[in-house]
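Spelled out from the first residue to the last, the chains are:
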Amino acid sequence: MNPDEINLLIVNISLKNQKAFKQLYDLCGPKLYGLLIKIIIDQDLAADTLQEVFTKIWLNAEKCDLSLGNGWPWICQLARNTAFDKLRKMGKYPSSIEEINWLEEGESSNDQWQSNIDLNKCLGKLPSKPRKAIVLSYIYGFSHAQLSEKLALPLGTLKSTIRRAMKELQLCLNI
Amino acid sequence: MSKYLRYQKKAVQEHLAQQYVLNHLSSLSTRRFEKLMYNDPSLRRLVNSWQENLTVIVDVIPEEKPPKGVWRALAAQHNIDLQAPEKNKWRIWVWPSSFAFALSALIVVSFELYRLPEINTQLSPSYIAVMSKKDDGIRFVINAYAGLTPGNSKLKIQWDKNIVPEDLDGLTLWSIERETGNAKEIDKIKILAGHQHLLSKQDWLSIKGSKFLELRRGNNVVYKGECIQLASWKS
Numbered sequence: 092m093n094p095d096e097i098n099l100l101i102v103n104i105s106l107k108n109q110k111a112f113k114q115l116y117d118l119c120g121p122k123l124y125g126l127l128i129k130i131i132i133d134q135d136l137a138a139d140t141l142q143e144v145f146t147k148i149w150l151n152a153e154k155c156d157l158s159l160g161n162g163w164p165w166i167c168q169l170a171r172n173t174a175f176d177k178l179r180k181m182g183k184y185p186s187s188i189e190e191i192n193w194l195e196e197g198e199s200s201n202d203q204w205q206s207n208i209d210l211n212k213c214l215g216k217l218p219s220k221p222r223k224a225i226v227l228s229y230i231y232g233f234s235h236a237q238l239s240e241k242l243a244l245p246l247g248t249l250k251s252t253i254r255r256a257m258k259e260l261q262l263c264l265n266i
Numbered sequence: 003m004s005k006y007l008r009y010q011k012k013a014v015q016e017h018l019a020q021q022y023v024l025n026h027l028s029s030l031s032t033r034r035f036e037k038l039m040y041n042d043p044s045l046r047r048l049v050n051s052w053q054e055n056l057t058v059i060v061d062v063i064p065e066e067k068p069p070k071g072v073w074r075a076l077a078a079q080h081n082i083d084l085q086a087p088e089k090n091k092w093r094i095w096v097w098p099s100s101f102a103f104a105l106s107a108l109i110v111v112s113f114e115l116y117r118l119p120e121i122n123t124q125l126s127p128s129y130i131a132v133m134s135k136k137d138d139g140i141r142f143v144i145n146a147y148a149g150l151t152p153g154n155s156k157l158k159i160q161w162d163k164n165i166v167p168e169d170l171d172g173l174t175l176w177s178i179e180r181e182t183g184n185a186k187e188i189d190k191i192k193i194l195a196g197h198q199h200l201l202s203k204q205d206w207l208s209i210k211g212s213k214f215l216e217l218r219r220g221n222n223v224v225y226k227g228e229c230i231q232l233a234s235w236k237s
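Protein chains in written order, with the working numbering: chain V, 92 to 266; chain W, 3 to 237.
Hints are not guaranteed to be accurate.
In silico DSBU-like links for lysine-lysine, alpha-carbon gap of 35 Å or less [claimed, not checked]:
| no. | chain 1 | residue 1 | chain 2 | residue 2 |
| --- | --- | --- | --- | --- |
| 1 | W | Lys210 | V | Lys107 |
| 2 | V | Lys220 | W | Lys37 |
| 3 | W | Lys226 | W | Lys203 |
| 4 | V | Lys113 | W | Lys70 |
| 5 | W | Lys192 | V | Lys147 |
| 6 | W | Lys210 | V | Lys122 |
| 7 | V | Lys154 | W | Lys186 |
| 8 | W | Lys192 | V | Lys180 |
| 9 | V | Lys122 | V | Lys258 |
| 10 | W | Lys12 | V | Lys220 |
| 11 | W | Lys67 | V | Lys107 |
| 12 | W | Lys11 | V | Lys154 |
| 13 | V | Lys216 | W | Lys67 |
Quick list of simulated restraints, FRET-style, between CB atoms [to be verified]:
| no. | chain 1 | residue 1 | chain 2 | residue 2 | range |
| --- | --- | --- | --- | --- | --- |
| 14 | W | Glu65 | V | Lys147 | 18 to 24 Å |
| 15 | V | Asn172 | W | Arg74 | 20 to 26 Å |
| 16 | W | Arg34 | V | Leu118 | 32 to 38 Å |
| 17 | V | Glu259 | W | Pro64 | 24 to 30 Å |
| 18 | V | Lys147 | W | His17 | 25 to 31 Å |
| 19 | W | Lys12 | V | Pro245 | 27 to 33 Å |
| 20 | V | Leu150 | W | Arg34 | 20 to 26 Å |
| 21 | V | Glu259 | W | Glu179 | 40 to 46 Å |
Just a sample of chain V residues kept apart from chain W, beta carbon distances all over 12 Å, derived [claimed, not checked]:
| no. | residue |
| --- | --- |
| 22 | Gly125 |
| 23 | Met181 |
| 24 | Lys216 |
| 25 | Pro218 |
| 26 | Ser219 |
| 27 | Lys220 |
| 28 | Ile225 |
| 29 | Glu240 |
| 30 | Lys241 |
| 31 | Leu242 |
| 32 | Ala243 |
| 33 | Pro245 |
| 34 | Gly247 |
| 35 | Thr248 |
No wet-lab data here; the hints were simulated from the structure.
Just so it is clear, the structure is predicted and the values come from calculations on it, not from any experiment.
Each residue gets a CB set at the ideal place from its N, CA and C atoms; glycine is no exception.
Let the hints inform the model, and build the full structure from the sequences given.
Here you go:
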């Protein structure tokens, strides 16, 4: 994703430019739909959620403060929050870690994970469970209690594990 | 310690930002945190930084083509009609004047204007700067529109039709403060070009308090114009 292109489109959408909105949909829609399918699994529901996400973009583009960061992370956060809210209302989540085997496939794929060398290098330094906890939290929005159950770690241990892992990521990424 | 002072501790902010990005805050905590973020740009910057880095995880996920019905539904919901002709496409004729500070009232220059969309700003610009270069005359007009609500101030830049895209390469807009003469960078012209740029509060205050605006390429001032407040002018 070209960040400058997305940023320009968001600025134009804040001015209710319809062409820019269609361009953003064409540019980001497939990636967001892929993300939503991973989170929600049901494709019809994911399609409804995608419509909801782009409606929020259309109505709230001016709230994206590009002076503090790029627009694509803002869009991803919007999409994730919308999907998590939907799942919470329906009480649905992936039922087991085994259903999330794409995560392992992604980790072993040279092309995708190497696209951001910094994060891949830093995530790669973490032990498996903390890394899984971070990625599963980010993609699926698992709560501490759910992660504790999925990863078979006591709740207190899980929380401190994530906290330490994020601290290591922070140092590694120089945030 | 006051609960508000606690939230200003760097370690607490860092922890909360991480929890927020990982969706580990409860609904109530999330709403409270978002309120804190709204009032604290440094907190927003911290969250953005984590979001920016972790968003890379999304890049691993393969794309899926959305059903055609999604776009049709969006277009119907928001009355989007990409086939409709552009409205409000019009020309303004501007003639140069020999007095820079009076140009805002008299100048008419031939520009190709883009359709003016609905915007949440005053209809007339609050500030205007006519940018010229020695021996080259007027080439740009910069209009600054005050927002009807905070955070909605916008910038509009127009340029002479003889300007080619290469002329915009490397140009950055700067403001020169009226009181101190200090220069402050605003943004690259290519980001601002042809569109109404959403100004941050700092950038709006820079425009408001400026004596001049400059277009620079590196350290060289290429175009310069006095920034004139129109809001106080009578009509």
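Status of each hint after checking the structure:
1. Lys210(W) <-> Lys107(V): holds (26 Å)
2. Lys220(V) <-> Lys37(W): The given pair, whose Cα atoms are some 32 Å apart, holds under the 35 Å limit.
3. Lys226(W) <-> Lys203(W): Satisfied, since the Cα-Cα distance of roughly 23 Å is no more than 35 Å.
4. Lys113(V) <-> Lys70(W): Since the Cα atoms of Lys113(V) and Lys70(W) sit roughly 13 Å apart, the hinted pair holds (cutoff 35 Å).
5. Lys192(W) <-> Lys147(V): holds (27 Å)
6. Lys210(W) <-> Lys122(V): violated (41 Å)
7. Lys154(V) <-> Lys186(W): Measuring from Cα to Cα gives roughly 24 Å; hence the hint holds.
8. Lys192(W) <-> Lys180(V): The given pair, whose Cα atoms are some 44 Å apart, is violated under the 35 Å limit.
9. Lys122(V) <-> Lys258(V): holds (29 Å)
10. Lys12(W) <-> Lys220(V): holds (27 Å)
11. Lys67(W) <-> Lys107(V): Holds, at about 25 Å.
12. Lys11(W) <-> Lys154(V): holds (26 Å)
13. Lys216(V) <-> Lys67(W): holds (34 Å)
14. Glu65(W) <-> Lys147(V): 18 to 24 Å: Given about 20 Å between the Cβ atoms, the range holds.
15. Asn172(V) <-> Arg74(W): 20 to 26 Å: holds (25 Å)
16. Arg34(W) <-> Leu118(V): 32 to 38 Å: holds (34 Å)
17. Glu259(V) <-> Pro64(W): 24 to 30 Å: Given a distance of about 28 Å, which is inside 24 to 30 Å, the answer is holds.
18. Lys147(V) <-> His17(W): 25 to 31 Å: holds (27 Å)
19. Lys12(W) <-> Pro245(V): 27 to 33 Å: holds (29 Å)
20. Leu150(V) <-> Arg34(W): 20 to 26 Å: holds (23 Å)
21. Glu259(V) <-> Glu179(W): 40 to 46 Å: Cβ of Glu259(V) to Cβ of Glu179(W): about 43 Å, so the range 40 to 46 Å holds.
22. Gly125: Violated: least Cβ distance 4 Å, not greater than 12 Å.
23. Met181: holds (15 Å)
24. Lys216: Answer for Lys216(V): holds, closest chain W Cβ roughly 14 Å.
25. Pro218: holds (17 Å)
26. Ser219: The claim holds: Ser219(V) sits with its nearest Cβ about 16 Å from chain W, beyond 12 Å.
27. Lys220: Per Cβ check, Lys220(V) is outside 12 Å of chain W; nearest 15 Å; holds.
28. Ile225: violated (7 Å)
29. Glu240: Fine: 15 Å to the nearest Cβ keeps Glu240(V) off the interface.
30. Lys241: Given a closest Cβ separation of 14 Å, the condition holds.
31. Leu242: holds (14 Å)
32. Ala243: Since the minimum Cβ distance to chain W is about 19 Å, Ala243(V) lies beyond 12 Å and the statement holds.
33. Pro245: holds (16 Å)
34. Gly247: The claim stands: Gly247(V) keeps its Cβ more than 12 Å from every Cβ of chain W (closest is about 14 Å).
35. Thr248: holds (15 Å)
In the structure shown, a violation is registered for the earlier hints numbered 6, 8, 22 and 28, in ascending order.
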